[in-house]
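J.: Sequence:
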Amino acid sequence: MLKIKTLSDVPIRDACEAWNNGFMDYYVKIQMSVSQFTFRLGWDELSPDYSFIAYYNEIPAGIILNGITEINGKRLAWNGGTSVAASFRKQGIAKKLMESSLEIYKRENVDIATLEAFTVNHAAIRLYESFGYRVVDQLLFLKKTEPDEKSTFTNDKIQGYTLHRGLPQDVSELSFYQHGAPWKTQWKFIRGGESIIVKDRNGEAAGYMLYQNIRGKDGKTILFQCEADERLPARSEMIQLMIGQLFKTDSRMISTYNLPRKNHFLINNLINAGFIESFTDQKIPLKQVFMKKTMNETTVD
248 MLKIKTLSDV PIRDACEAWN NGFMDYYVKI QMSVSQFTFR LGWDELSPDY SFIAYYNEIP
308 AGIILNGITE INGKRLAWNG GTSVAASFRK QGIAKKLMES SLEIYKRENV DIATLEAFTV
368 NHAAIRLYES FGYRVVDQLL FLKKTEPDEK STFTNDKIQG YTLHRGLPQD VSELSFYQHG
428 APWKTQWKFI RGGESIIVKD RNGEAAGYML YQNIRGKDGK TILFQCEADE RLPARSEMIQ
488 LMIGQLFKTD SRMISTYNLP RKNHFLINNL INAGFIESFT DQKIPLKQVF MKKTMNETTV
548 D
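So the working numbering is basically just the index in the sequence shown, starting at one, shifted up by 247.
Don't read these hints as lab results, they were simulated from the structure. Beta carbons are placed, not taken as given, at the ideal position from N, Cα and C, and that holds for glycine. Among the clues, some could well be false.
[As the list claims (entries may be wrong)] With a cut-off of at most 20 Å between alpha-carbon atoms, the simulated EDC-like pairs for lysine to aspartate or glutamate come out as follows: (1) 342 to 363; (2) 343 to 296; (3) 353 to 544; (4) 321 to 256; (5) 343 to 264; (6) 252 to 264; (7) 252 to 350; (8) 337 to 376; (9) 404 to 476; (10) 353 to 317; (11) 342 to 317; (12) 467 to 497; (13) 343 to 256; (14) 431 to 363.
[Said to hold, decoys possible] Have a look at the derived ranges for each label pair, beta carbon to beta carbon: (15) 404 to 280: 43 to 49 Å; (16) 541 to 248: 32 to 38 Å; (17) 285 to 508: 30 to 36 Å; (18) 252 to 353: 14 to 20 Å; (19) 527 to 338: 25 to 31 Å; (20) 286 to 334: 44 to 50 Å; (21) 280 to 450: 44 to 50 Å.
Construct the entire structure; sequences and hints are all you get.
T.: Okay, here's the thing in structure tokens:
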């Protein structure tokens, strides 16, 4: 017998078990301990009140994690993971979890719902499309190993502009900040992150970058966002200037996280700098689709 319950009404250990079993055969390893699972709920603002677990004959069989926030005056929901254990698949459990989630979204007056899925996960994409989600972009994971300062980006300055280093929240009020970017690339979800803002001689922002330095023996730098005001003629130089700062760290690898393909300008600059596509351990392209659903639209199955 199938029962759907909210995470706030079940033991956290059951939720973690459902997560780990559901993602046992996933493209990347995302198993977690109970402590890690609990931490992720808080850090990614995934609410137990908006998330669900499926029990099949009292066994944790599936899970869906959801977060709801307000960004730029809109109520935004994010599906932070949907999974069903292999032995319980093809029984409509994922569909029931999605139905429960969309009911919560409607009750909470959500305007836009978003999620990401591996491009090779055709079954999941079809499921989401049946609930009215549409692919709006592809998200890339590019990388460059053993970066050095012999890159094509050697400029340390642009006449009339200066670099200002700070915290992720420093970019949140910029007029051209990307409020519609994927959930975990938003400034408030970048743990230990840093920002660079390019300003003109009047102190007006012209570009920004969000990134994270993970220090240590196998240190790496992760690029989340890099944008320049499209209205300015020095846009190309600004992008190159900011990317060039990444090469000044002691990281053994620089990578991007959920970088929208529509940002052709940035992607071309990264490829020119020697960045290449990332793959999973199973040689599957590390690439996702970014999907959105406008909640006031009618779902067409």
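J.: Are the hints correct? Go through all of them and say.
T.: Tested hints:
1. This hinted pair checks out: residue 342 and residue 363 have alpha carbons roughly 17 Å apart, not beyond 20 Å.
2. Between residue 343 and residue 296 the CA atoms are separated by roughly 16 Å; this keeps the pair inside 20 Å, and the hint holds.
3. With a C-alpha separation of about 12 Å, the suggested pair residue 353 and residue 544 falls inside the 20 Å cut-off, and the hint holds.
4. Annotation: proposed proximity of residue 321 to residue 256 is violated, straight-line Cα distance about 28 Å (limit 20 Å).
5. Note on residue 343 and residue 264: the hinted pairing holds, with a Cα-Cα distance of about 19 Å set against a maximum of 20 Å.
6. Restraint check: the Cα-Cα separation between residue 252 and residue 264 comes to about 15 Å, which is no more than 20 Å; the hinted pair holds.
7. Note on residue 252 and residue 350: the hinted pairing holds, with a Cα-Cα distance of about 13 Å set against a maximum of 20 Å.
8. About 17 Å separates the Cα atoms of residue 337 and residue 376, which keeps this hinted pair within 20 Å; it holds.
9. As the CA atoms of residue 404 and residue 476 are separated by approximately 17 Å, the hinted pair is consistent with the 20 Å bound.
10. Distance hint between residue 353 and residue 317 is fulfilled; the C-alpha atoms sit about 14 Å from each other, no more than 20 Å.
11. Proximity of residue 342 to residue 317 is assessed by CA-CA distance (about 26 Å); at most 20 Å being required, the pair is judged violated.
12. Taken as a hint, the residue 467 and residue 497 pair is honoured in the structure, with Cα atoms around 8 Å apart against an allowance of 20 Å.
13. Only pairs whose Cα atoms come within 20 Å are accepted, and residue 343 paired with residue 256 is accepted, the gap being roughly 17 Å.
14. Proximity of residue 431 to residue 363 is assessed by CA-CA distance (about 10 Å); at most 20 Å being required, the pair is judged to hold.
15. In this structure the supplied range 43 to 49 Å holds for residue 404 paired with residue 280, their Cβ-Cβ distance being about 46 Å.
16. The beta-carbon spacing between residue 541 and residue 248, approximately 35 Å, falls within the hinted interval of 32 to 38 Å.
17. Distance hint for residue 285 and residue 508: a CB-CB separation of about 34 Å, consistent with the stated range 30 to 36 Å.
18. In this structure the hint that residue 252 and residue 353 lie 14 to 20 Å apart at CB holds, the actual value being about 19 Å.
19. The supplied range of 25 to 31 Å is met by residue 527 and residue 338, whose beta-carbon atoms lie about 27 Å from each other.
20. One distance hint, 44 to 50 Å for the beta-carbon pair residue 286 and residue 334, is violated here, with the actual separation near 28 Å.
21. Our hint of 44 to 50 Å for residue 280 and residue 450 holds, since their Cβ atoms are close to 46 Å apart.
The structure does not agree with the numbered hints 4, 11, 20 stated previously, though it agrees with the rest.
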